[in-house]
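**Student:** Below are the chains, spelled out letter by letter.
2 protein chains.
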Amino acid sequence: MNAIPSELQQQAEQLSADVVRPIPGSRKIHVEGSRPDIRVPMREITLAPTSTLFGGEDNAPLAVYDCSGAYTDPDATIDLARGLSPLRASWIAERGDTEVLAGLSSEFGRKREHDPKLDAVRFGSRLQPRRALNGANVTQMHYARRGIVTPEMEFIAIRENQRIEAITEAHLLRQHPGHSFGANIQKLITPEFVRDEVARGRAIIPNNINHPESEPMIIGRNFLTKVNANIGNSAVSSGIAEEVEKLVWSMRWGADTVMDLSTGKHIHETREWIIRNSPVPIGTVPIYQALEKVDGRAEELTWEIFRDTLIEQAEQGVDYFTIHAGVLLRYVPLTAKRVTGIVSRGGSIMAKWCLAHHRESFLYEHFEDICEIMKAYDVAFSLGDGLRPGSIADANDAAQFGELETLGELTKIAWKHDVQTMIEGPGHVPMQLIKENMDKQLEVCGEAPFYTLGPLTTDIAPGYDHITSAIGAAMIGWYGCAMLCYVTPKEHLGLPNKNDVREGLMAYKIAAHAADLAKGHPGAQARDNALSKARFEFRWEDQFNLGLDPERASEYHDETLPKDAHKSAHFCSMCGPHFCSMKITQDVRDYAAEHGVDEQVALAEGMAEKASEFRAAGAEVYRKA
Amino acid sequence: MNAIPSELQQQAEQLSADVVRPIPGSRKIHVEGSRPDIRVPMREITLAPTSTLFGGEDNAPLAVYDCSGAYTDPDATIDLARGLSPLRASWIAERGDTEVLAGLSSEFGRKREHDPKLDAVRFGSRLQPRRALNGANVTQMHYARRGIVTPEMEFIAIRENQRIEAITEAHLLRQHPGHSFGANIQKLITPEFVRDEVARGRAIIPNNINHPESEPMIIGRNFLTKVNANIGNSAVSSGIAEEVEKLVWSMRWGADTVMDLSTGKHIHETREWIIRNSPVPIGTVPIYQALEKVDGRAEELTWEIFRDTLIEQAEQGVDYFTIHAGVLLRYVPLTAKRVTGIVSRGGSIMAKWCLAHHRESFLYEHFEDICEIMKAYDVAFSLGDGLRPGSIADANDAAQFGELETLGELTKIAWKHDVQTMIEGPGHVPMQLIKENMDKQLEVCGEAPFYTLGPLTTDIAPGYDHITSAIGAAMIGWYGCAMLCYVTPKEHLGLPNKNDVREGLMAYKIAAHAADLAKGHPGAQARDNALSKARFEFRWEDQFNLGLDPERASEYHDETLPKDAHKSAHFCSMCGPHFCSMKITQDVRDYAAEHGVDEQVALAEGMAEKASEFRAAGAEVYRKA
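The listed protein sequences correspond, in order, to chains A and B. If you use this note's numbering, the first sequence corresponds to residues 460 to 1084, in order. If you use this note's numbering, the second sequence corresponds to residues 460 to 1084, in order.
Please note that the accuracy of each hint is not assured.
Same chains, same label: a pair holds when it works inside one copy or across any pair of copies.
[As the list claims (entries may be wrong)] No more than 16 angstroms apart at the CA atoms, straight line, and that leaves these computed lysine to aspartate or glutamate pairs for EDC-like: (1) K957 <-> E628; (2) K752 <-> E827; (3) K796 <-> D655; (4) K875 <-> E819; (5) K576 <-> E902; (6) K752 <-> D517; (7) K576 <-> E628; (8) K894 <-> D534; (9) K957 <-> E1018; (10) K646 <-> D767; (11) K724 <-> E701; (12) K576 <-> E704; (13) K875 <-> D538; (14) K957 <-> E701; (15) K796 <-> E628; (16) K899 <-> E864; (17) K570 <-> D1017; (18) K796 <-> E868; (19) K570 <-> E827; (20) K724 <-> D578; (21) K752 <-> D767.
Because the hints were derived from the structure by calculation, they are not lab data.
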């Protein structure tokens, strides 16, 4: 027994107030689908009416995509020790292609389950694991290819549309045409479109049958750009309770998926707590845990140990596995002259193994065996880029692109098994080389979703790599990347704390949204338009609440104009009350309404008249209310 | 008398310790030019030797561009009340085309000078102002067009090269080819190239003859991308002492120019303190002060008041003026249907004036008169985009592009007078519309330098607009923008404090450097390469010191691994001491050194031998020292 269990008991039963406090100015809504158990969560932001000074009108509430799960739902009861409600359980069961197992299939899992020393840290109340019936394939891709639209697919269609039907026409019409580089952007996402994209392998729905608590989401270039947050402890720092808290915190700030990258102790138990309490898909890198099982000696890893780890994690409910099966023996020497060699942890483990055994890795040699496991639980592949560049100098080199070719070959094998697959990407890449990465990935991987870390566009800003990488992330998202793995300010320096997670997610939500705007996703600009309208009309609270981080915006505003009255002030601290750039426009607008802006001549003539009126009225844009 | 003077006296005499503390791991150097008074400042970062584990070698120090002036020079004596040493004074005097005036030419300036109530806030010890001799033109463009290479131009050539001759060949060879969209990137900047670019109008050297304290710098697409920081008080907040402190702070974090956007009281005196203590060019928006002179009533502005303001500021030494002469009457109604109307303060003042008078502004009508003033002091134009979009919805609209066309016409008029000119740009622009801005600006303004605010790539992140805009800034910098005006996290919410200035500048130094890398500026990648090499070799201090913010990097590292011993640790808190992705590479490298990486077959054969060696040696990458 050590310090962690007791801390956990305290913290696990009650999340700290700051991770579950209500998000200002908004409420949880659920949009029902074709059956009552399809209830798609969204966050609806309520807006104040426009002041009469600006013409006075009601502003329709705006529904936004919501990853925060039950934690921001006042009607939900949160009990971390019981976990979330398994909303997909009946969908999975009714397909009739799975069985409930009598116990865990993995040897390691069983050992942990019966170890009394772990009683205090073990998550207690999980359901028995499920597995596909012998010979069955339970992946969403398999269903999609057989023409079946699952409830998951319908859920996703509703979710992606973000109630576009409720967006005012004014906001919709104000959207600039996008430039999508060949993406197939839809005006309205239908369940059939979701099915078709999954069938083609252009999108994945990571949702293990053992993670029925997950709210379905999709990753693909023809859908909204997603972001992933990494959490996880290491031998040096951080315990279980802290990781669960980070999970909830990450989702609050918009993480679409979360990877648990723990390498420290209680790796199995930490994961169970995370999955049982996560409405977002959870990804892992199973080789990390396999390495722990051989005490860190990479060369002692075996297929048997790795296989048992995959089954252990698949039965816990991990939704996607990063598998570095593309690190081939012949690529390893290509990294020798690099500035930063191999920087992927998984890649370095496999490279070490390959060197020690002088043969291709068990991940590569047993790839079809891995597919068999993936399809029995519907775990998606995230084919890892073990040779990604760790510096600008190493970008787009032979090692990186050699591995990418292999990932393309493996994608085709996975698809043969109807196993959902995405591809991981770099890393550190200067701006002029980013598009080559995206184009090559689309080409060699048959448009399987790309999932990139950044890329970081320069190496010279440790402490600010959320920014160096948000630049690259926005660009590659625009070019067609489906999911962006966040980078926090602590990248290269240390493990992120809660504030770093928030900073990293905000940078990446910005990048993802900027990409959606640039690609021209219908309705994507509605939030920008609503926020800018609020800004122009000095509806301060609405401006804050429509932003990605209402609390931060409000705090910053209050630093210079703290009084409540200033929240409806028709000026701000930048220009002061004396004059304000926004004031003039209302006058122009009033004038245009009277004379019609389409008629330039009439306007020019009317100017003289307006000029004297304007001066006669005291040259004040606003009259006193 | 009010509270500000006494505060000022205290603070002005001694800057706070955090703005002048030495920058870790580096020293000030001066590179001498063709004459001993051309002494170009740089910051040289000293590097530790590589540990013997990684082959042991010395690492050459790296010189980086340095905007921090005398404030980081231990040999300099700082006395804010006396101002900086006027390093360009003799260059200006020896040209023999200027005269020292007996007193200030501006009526307002003289009034302030003799107002005893201002004694306590007035900067005391300035030199008498200079002006061109009657009929003379003292702009750098004028000299350039007559084939004269000024000391300023030579200074700049040395500065831009950043001692490229001292960069090791390994770092230089490791640079990726850039993609410069038609820029004319040089392998080595010569004084003659500087002259030629200034003569063509493709670059400007903002350095008023009344600001001899300035260290010459250049703004143009064929030079390093520059960043500007805005400071300045408003009626609501901030006083003189705080602004001087912000100036020094901004330069410390890399501001290439600083704009004083004060709109509050003591606007004249604040500016004097700033200029006398600034080694970087200072820009202003003279209409702000002119407006103060008419108590904020835009319609009461006159050419006479504005003209006196220009002369007042020109004789103080302002290096560039933002002039919103492109806001024409016919463009104003085009803003009426915008979501956010007119968001530029200067633009809104001029629009109000145009509405009130029903005629074109005095800025437009007196543009050639303004040119006469500019060339008498060598003040550069920064032609303001008064109609820039304030929201994504308003990007690239008829009002914005109409004004840009007019700015192009005005550029040609300014060039007729040999007045240096740059063009201001937006604003809020989604990614897919950024390039159109750059291309159109280059086309209609004859490649005059573009100077953009961001652009912000989405409206939905108040509190994080340094990031929404750094994305757009990096992209437009790559496409050809010459200077990026920073945005701080407080944008739209309040005035930036010192921390916001730091955050904003770091985001923009990243954007500018990412742009330089992408354009392929020779030597630009050397810093990335040196930092990544340090990172790979676990030279922690070197990694921090090569970064844009050594202090922040070091603090972040210490949060999880605080002990000094960890600064040379061959692991970090992300993976812990147990295994580390970087460890494996050295082994691969050793192997490659033995067998030669070019020979794939030999490598494959050698693998078996290596594998057994590797295991026999304990499968440890590093042996104990």
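**Student:** Against this structure, judge whether each hint is valid.
**Tutor:** A quick look at each hint next to the structure:
1. Neither within a single protomer nor between protomers do K957 and E628 lie at most 16 angstroms apart by alpha-carbon distance, with minima of 39 angstroms and 42 angstroms respectively.
2. In this assembly of identical chains, K752 and E827 lie within 16 angstroms of each other by CA distance neither inside one copy nor across copies; the values are 23 angstroms within and 79 angstroms between.
3. In the homo-oligomer, the alpha carbons of K796 and D655 never lie at most 16 angstroms apart, since the shortest distance is 44 angstroms inside one protomer and 41 angstroms across protomers.
4. Within a single copy, K875 and E819 get their C-alpha atoms no closer than 22 angstroms, and across copies no closer than 70 angstroms, so neither meets the 16 angstroms cut-off.
5. In this assembly of identical chains, the alpha carbons of K576 and E902 never lie at most 16 angstroms apart, being 51 angstroms within a copy and 73 angstroms across copies at closest.
6. Taking CA atoms no more than 16 angstroms apart as the test, K752 paired with D517 passes in neither setting, with 61 angstroms inside one copy and 40 angstroms between copies.
7. For the identical chains of this complex, K576 and E628 are neighbours neither inside a copy (61 angstroms) nor across copies (58 angstroms), given an alpha-carbon limit of 16 angstroms.
8. In the homo-oligomer, the alpha carbons of K894 and D534 never lie at most 16 angstroms apart, since the shortest distance is 45 angstroms inside one protomer and 48 angstroms across protomers.
9. Only between protomers do K957 and E1018 lie at most 16 angstroms apart by alpha-carbon distance; the minimum there is 13 angstroms, versus 23 angstroms within a single protomer.
10. With identical chains, the CA atoms of K646 and D767 are never at most 16 angstroms apart, being 45 angstroms at best within one copy and 57 angstroms at best between copies.
11. When the C-alpha separation of K724 and E701 is checked against a cutoff of 16 angstroms, the pair qualifies only within one copy, where the shortest distance is 13 angstroms, while the shortest distance between copies is 50 angstroms.
12. For the identical chains of this complex, K576 and E704 are neighbours neither inside a copy (24 angstroms) nor across copies (59 angstroms), given an alpha-carbon limit of 16 angstroms.
13. When the C-alpha separation of K875 and D538 is checked against a cutoff of 16 angstroms, the pair qualifies neither within a copy, at 41 angstroms, nor between copies, at 75 angstroms.
14. Proximity of K957 to E701 under the C-alpha cut-off of 16 angstroms is restricted to the intra-copy arrangement: shortest distance 9 angstroms within a copy versus 32 angstroms between copies.
15. Taking the closest pair of Cα atoms, K796 and E628 come within 16 angstroms of each other only across two copies (15 angstroms); inside a single copy the shortest separation is 57 angstroms, beyond that limit.
16. In this assembly of identical chains, the alpha carbons of K899 and E864 lie at most 16 angstroms apart only when taken from the same copy (9 angstroms versus 39 angstroms across copies).
17. In this assembly of identical chains, the alpha carbons of K570 and D1017 never lie at most 16 angstroms apart, being 55 angstroms within a copy and 38 angstroms across copies at closest.
18. When the C-alpha separation of K796 and E868 is checked against a cutoff of 16 angstroms, the pair qualifies neither within a copy, at 26 angstroms, nor between copies, at 53 angstroms.
19. In this assembly of identical chains, the alpha carbons of K570 and E827 never lie at most 16 angstroms apart, being 27 angstroms within a copy and 87 angstroms across copies at closest.
20. In this assembly of identical chains, K724 and D578 lie within 16 angstroms of each other by CA distance solely inside one copy; the values are 15 angstroms within and 69 angstroms between copies.
21. With identical chains, the CA atoms of K752 and D767 are at most 16 angstroms apart within one copy only, with a shortest distance of 11 angstroms there and 79 angstroms across copies.
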